[in-house]
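Visitor: Read off the chains here:
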Amino acid sequence: MSQQVRIMRGREWARPVRPVRREVLEAIPGLDEGRPPLLFVPGFGHGAWAFAEHWLGHAAERGFSGYALSLRGQAGSGPAPEATLRAYAHDVVQVAAGLSRRAVLVGHGAGALVVAHALARYPARAAVMVAPVFGGWATAFTALRRNPLGTLPALVGGRLQCNRAQLFGRELPRDEVRRHLSRLGRPARRAQWQLLLGREPEPAVGDPPVLVLGSPEDRVVPHSVLIRAARRYGSAPLLFPGMSHDLMLDARWREPIDGILDWLEKEPSGG
Amino acid sequence: MTTSTDHGRPDPELSTLDLARGARSVSYRGETVCVIGAGPTGLTAIKNLTEHGFGVDCYERETGVGGVWNWRHDRSPVYASTHLISSRPLTQFPDFPMPDDWPDYPHHSQLLTYLERYADHFDLRRHVWFGTEVVRVEPAEGDRWDVTTRSTGGYGPERTSRYAAVVVANGHNWSPKLPTHEGLAEFRGEVMHASAYQDPAQLRGRRVLVVGAGNTGCDIATEAAQQAAHCWHSTRRGYWYAPKYLLGRPADQLNDLMLALRVPRRLRQWLFHRLLQASVGDLTRFGLPRPDHRMLETHPIVNSQLVYYLGHGRVTPVPEVVRFHPDSVELADGRQVDPELVVFATGYLPRFEFLDPKILGDDGTTGRPVLWLNAFVPNHPTLAVAGLVQPDSGIFPLSHWQSVLFARLLRLRETRPNKAAAFAATVTTRAGERYSGPVKESSRHWFEVGHADYLRALQRALHDLEAK
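Sequences listed follow chains A and B, in order. Here the first sequence is numbered in the numbering used here, starting from 1 and rising by one per residue. Here the second sequence is numbered in the numbering used here, starting from 1 and rising by one per residue.
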């Protein structure tokens, strides 16, 4: 990560990201206890639905208002075939800045990379990277090994597709898996390339605390990559052994979200 | 990271009245920083200082945030139709964008909404003392500052607090600059400064003379063109009237695209001249004087409508005003016009009535502070003037980075004093630098900056400061 602050952004000023309809699902607690809102950012292929399944409601039960965003071109958001990581990060910052209080950004999978880019443009209260996919060749090789048919096309300009074994654990009932798989979308081609060749995220503004969590048995994010991702933010990952990549849809979904909320309550900025 | 308990407001019961300044008692505010004004610049100063871990007390003479953009404030110059001159991406705070479904050039009421949301989002209001004006700011020992405040309007007792640093963010668009013309006092028609102009109803059916070719003057002239019985528009010289859109995009974004591509200034000027020539044509055919300068050499005047109304004959361009007679106004070409209302859109002057001018390096002859980066004061390392820039973009991003730089400088004074001392030396040697290409000299545009030149200079200063 380059550590220098960037002030000049002539190209971005000259070519603002076009607005698009954004799907935001929310769950608000009945009583506002002044806790920071959580903004969940799904990874490639997923949409806000992945968090609406369990995590949003659970966060609201514990007093945190939760918002889940579908990146442009995914799920209920407007179409955007030419979307880039910049446009995705723009969507995150737009929704975060629209909340009444400084938000905690929670990114899952490649959504964590989007959050890392958004952190350079928005002083979040805190950030959580869930099974972060920061891209690069190590991740690509892992994906190739686990799912050659879904990954190979992406390397020659086609669409990236994840399979059941990569995302879900064995304990998850078959019909639930089928329901989730049917909802998986496809990321924009340019954003997909940026996952492999894109620029490193710039340093986060406002020095937010960052929590990295994942599972050592994750078939998308190898353990070593998870440790490296956590080291980038000066910490060690919080591990949930035996879980799959889609922690929020796993049969044991309650453990990681409770881990996140406990961490937020402990953080001096969380209360 | 800061918590809500870190820095409360100065509580008169709790703070120790341990110091004395003359007969007054001074309450000691420790490492807290004082911000003067809760307009856009003051708000971003509060946000960035608290983000860097400082306690902040902000004094605001009005009862709301937003400064000049809050039309409820008595010093606000906005009129009903005020829209941005620079487009959204070049106006918003870099870390808090405006909603992307807003128009390219939002209305002033949207700007106020934006600033209020900024204040709420970052919980800034708890640092602001509303309805409190700053009477005096005086240096104290140890590079500290004694700030004396009282209730706006002069009610109540004065109170003095000692701060570790001060950010002056009192704005520069509230103190009208009025011309002195011979015979103005005897003129029987109505005379007003543009700051008193609010609504086109003030112009309806009257013969109006608008003086001044700034953005405000052009806005009022185009409104007079629609409402008034007749409109004369008096300008001292010829200007370039840039349209708000060029080549299908906001004109300032086109300029920034060329800046990003490192197109040299001369080439940009040539291109803009050709574009205007091709689309708008020669303005002298409407009776306007030919510009005596190249484009990008004065503060940009962005108005697509003025030329349109010149073409409709609804605006009559006239030269400079020479003197006033009781019933008419004499112009430089000898013509006399008989307006019922004269609107002086002659701009504003920065004023720091609470500060000894010598502190800002103004020796009393020029009336202009001498600062580095238009913000940092020689020999006063804990004082900064924020937002004293007139850029060819919005001011907010410039103010934001000024306050980031100042916050990091204050941090370094504790952690790496030698770095801070080197910065102070730079401030002294480089005070008075300009951050634009050649510009036409004008009394209120000495703080004109090119936003790209200025932000690059700020970026260099920030990198030098943080270098190992």
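Check before you lean on any hint, since a few could be wrong.
Stated by the list, open to error - Have a look at the derived ranges for each label pair, beta carbon to beta carbon:
| id | chain 1 | residue 1 | chain 2 | residue 2 | range |
| --- | --- | --- | --- | --- | --- |
| 1 | B | Gly131 | A | Glu26 | 50 to 58 Å |
| 2 | A | Arg6 | B | Arg351 | 48 to 56 Å |
| 3 | B | Arg351 | A | Gly76 | 51 to 59 Å |
| 4 | A | Gln4 | B | Ser151 | 42 to 50 Å |
| 5 | A | Ser224 | B | Thr63 | 52 to 60 Å |
What the hints assert, rightly or not - Here's a subset of chain A near chain B, in silico, CB distances under 8 Å, partners left out:
| id | residue |
| --- | --- |
| 6 | Val95 |
| 7 | Gly198 |
| 8 | Pro201 |
Worth flagging that the hints you see were computed from the coordinates, not collected in a lab. In this text, a Cβ means the ideal position worked out from N, Cα and C, and glycines have one as well.
Visitor: Taking the hints in turn, state whether each one holds.
Guide: Structure-based check of each hint:
| no. | hint | verdict |
| --- | --- | --- |
| 1 | Gly131(B) x Glu26(A): 50 to 58 Å | violated, 37 Å |
| 2 | Arg6(A) x Arg351(B): 48 to 56 Å | violated, 35 Å |
| 3 | Arg351(B) x Gly76(A): 51 to 59 Å | holds, 53 Å |
| 4 | Gln4(A) x Ser151(B): 42 to 50 Å | holds, 45 Å |
| 5 | Ser224(A) x Thr63(B): 52 to 60 Å | holds, 57 Å |
| 6 | Val95 | violated, 10 Å |
| 7 | Gly198 | violated, 19 Å |
| 8 | Pro201 | violated, 15 Å |
Taken one by one, the earlier hints fail for this structure at numbers 1, 2, 6, 7 and 8, listed in ascending order.
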